[in-house]
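So the protein lines, in turn, are chains A and B.
Taking the numbering used here, I'd label the letters of the first sequence as residues 1 to 119.
Taking the numbering used here, I'd label the letters of the second sequence as residues 1 to 267.
Hints are computed from structural coordinates only; laboratory data are not their basis.
You may find that some hints are simply not true.
Here are the simulated EDC-like cross-link-like pairs (lysine to aspartate or glutamate), alpha carbons at most 16 Å apart as the crow flies [unchecked claim]:
#: 1; chain 1: A; residue 1: Lys90; chain 2: B; residue 2: Glu18
#: 2; chain 1: B; residue 1: Lys59; chain 2: A; residue 2: Asp30
#: 3; chain 1: A; residue 1: Lys42; chain 2: A; residue 2: Asp76
#: 4; chain 1: B; residue 1: Lys22; chain 2: A; residue 2: Asp87
#: 5; chain 1: B; residue 1: Lys59; chain 2: B; residue 2: Asp185
#: 6; chain 1: B; residue 1: Lys59; chain 2: B; residue 2: Glu207
#: 7; chain 1: A; residue 1: Lys90; chain 2: B; residue 2: Asp17
#: 8; chain 1: B; residue 1: Lys59; chain 2: B; residue 2: Glu182
#: 9; chain 1: B; residue 1: Lys223; chain 2: B; residue 2: Glu173
#: 10; chain 1: B; residue 1: Lys216; chain 2: A; residue 2: Asp76
#: 11; chain 1: B; residue 1: Lys22; chain 2: A; residue 2: Asp94
Owing to the predicted nature of the structure, the values given are computational and were not obtained by experimental measurement.
Here is what each chain is made of, one letter per residue.
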Amino acid sequence: MPEQRFDAQVRQEGSVATMDLSGEINRGADDRMTSAYDDVAKTGAATILLNFTRVGYINSTGIAVIVAMLGRARNDGRQVSAYGLTDHYKHLFDITRLSDFMNIYDDESTALAGVGAGA
Amino acid sequence: MSVDKESPSGGSTRRDDEAWAKPTPALEVTILPEGAINRNVAGRRVTGPIQGFGRMWQKTYRVRMSGVDIDPTEVIKTWKEHFPEFWPEGNRFYGPLTGIAPGEVAVLNLSMPGRLKLSTGVMVMYADDESFTFMTPEGHMFAGWITFSAFKEGRSTVAQAQVLIRASDPLYELGLALGGHEVEDRFWQTTLTTLAARFGVEDPAPETRYLLVDRKRQWRMAKNVWHNAGVRSGFYMMGMPARWASKRLKRKSPPYTSEGSSQNSDL
Chain A
1 MPEQRFDAQV RQEGSVATMD LSGEINRGAD DRMTSAYDDV AKTGAATILL NFTRVGYINS
61 TGIAVIVAML GRARNDGRQV SAYGLTDHYK HLFDITRLSD FMNIYDDEST ALAGVGAGA
Chain B
1 MSVDKESPSG GSTRRDDEAW AKPTPALEVT ILPEGAINRN VAGRRVTGPI QGFGRMWQKT
61 YRVRMSGVDI DPTEVIKTWK EHFPEFWPEG NRFYGPLTGI APGEVAVLNL SMPGRLKLST
121 GVMVMYADDE SFTFMTPEGH MFAGWITFSA FKEGRSTVAQ AQVLIRASDP LYELGLALGG
181 HEVEDRFWQT TLTTLAARFG VEDPAPETRY LLVDRKRQWR MAKNVWHNAG VRSGFYMMGM
241 PARWASKRLK RKSPPYTSEG SSQNSDL
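Input sequences plus hints: build the corresponding full structure.
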């Protein structure tokens with residue numbers, strides 16, 4: 001089965017930048033994730049929301065790509081939260097203990113309320 | 001293993017759920033070969049780079065299988081099946097009999113400076129045909145993951161080990177600054193060289209790349225030192241002569257047990 005190419009689009013609402021992720025998060029996602037984070041950095045947003053609604057596949061190299069981005073965010077003093085994870089990926093975030101580090105919300109409106117968008 | 005499934009939109013997508021370990025509150029070691037020291041593994045939680053103390057590093061070790069026509073999946077299959085054989089001498093990997101599969105736990109006995117044997121372990125967090133990943137338990141020198149993968153780059157197959165780690169606590173962070181990074185680099189370079197040689201690569205030349213992902217130390221994680229496997233292994237080894245003497249004395253004692261003594265005292 002052909003791989004679904006990864007993409008990340010950034011949109012901003014107040015102090016929150018949402019990264020809409022889509023496709024497969026694997027080793028090939030590294031460059032696009034890095035450039036998407038660069039886009040966030042340019043906006044000066046204090047919080048990043050990762051939207052996983054359209055992500056259908058994550059392997060361990062993909063998790064490392066996410067963690068590397070989290071590391072950069074922490075280095076820059078940005079908070080990271082996520083939403084749109086299926087139950088499987090919620091388990092995955094528990095296994096990898098990513099959920100210790102970021103708040104996980106069910107959907108975008110809950111996430112925006114949770115991170116205090118526009119506050 | 002990656003398989004396909006129908007997506008909600010009707011298209012077909014790859015599945016990853018079989019490749020990931022199931023959530024577990026604490027590690028369990030089921031079978032342990034004779035001679036293995038199982039300390040600092042059973043009952044511990046796994047940790048990722050987020051739970052560590054030191055700076056976050058991504059270190060990538062790669063070797064190109066030059067001059068050899070080999071499929072990446074074949075490299076990973078061999079690597080999984082013979083994982084301990086590629087390790088540098090003096091270090092032992094006691095893997096599960098079922099092989100490297102998601103959720104399995106392996107005990108490691110590692111050679112450290114000063115003839116110390118460090119007992120720790122890893123859990124297989126992820127495994128498919130193209131890669132597998134280990135996650136470390138509390139007390140391991142690194143909080144993080146190491147991913148082994150193979151892929152095509154140009155006409156060659158490349159085997160790669162990539163660590164994403166923080167030193168678990170301040171003592172390990174100090175150790176890394178005092179030469180620990182170089183020791184680790186040699187460890188994985190040797191592993192990749194041995195792996196490449198297995199496939200007939202002549203004069204394998206592993207490359208190493210470093211990326212400092214987060215330069216900040218997480219001081220709230222300094223308490224991880226409580227679980228430090230090096231310190232605990234050290235105390236364990238210091239107690240070995242006393243335990244050996246105790247066993248010898250018990251063996252030389254009269255052939256009645258404490259239970260027998262108790263029965264005698266009842267007489």
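Hints, verified against the model:
1. The straight-line distance between the Cα atoms of Lys90(A) and Glu18(B) is roughly 15 Å, inside the 16 Å bound, and the hint therefore holds.
2. Taking the CA atoms of Lys59(B) and Asp30(A), the gap is about 15 Å. The hint holds against a cut of 16 Å.
3. Restraint check for Lys42(A) and Asp76(A): satisfied, since their Cα atoms lie roughly 12 Å apart, inside the 16 Å limit.
4. The straight-line distance between the Cα atoms of Lys22(B) and Asp87(A) is roughly 12 Å, inside the 16 Å bound, and the hint therefore holds.
5. A hinted pair counts as satisfied when its Cα atoms are at most 16 Å apart, and Lys59(B) with Asp185(B) qualifies at roughly 9 Å.
6. Between the alpha carbons of Lys59(B) and Glu207(B) the distance comes to roughly 10 Å, so the proposed pair stays at or under 16 Å and holds.
7. Using a Cα cut-off of 16 Å, the hinted pair Lys90(A) and Asp17(B) holds, with the two alpha carbons roughly 12 Å apart.
8. Between Lys59(B) and Glu182(B) the CA atoms are separated by roughly 12 Å; this keeps the pair inside 16 Å, and the hint holds.
9. Of the supplied pair hints, the one linking Lys223(B) and Glu173(B) holds, its CA atoms being roughly 13 Å apart against a limit of 16 Å.
10. Taken as a hint, the Lys216(B) and Asp76(A) pair is honoured in the structure, with Cα atoms around 10 Å apart against an allowance of 16 Å.
11. Between the alpha carbons of Lys22(B) and Asp94(A) the distance comes to roughly 9 Å, so the proposed pair stays at or under 16 Å and holds.
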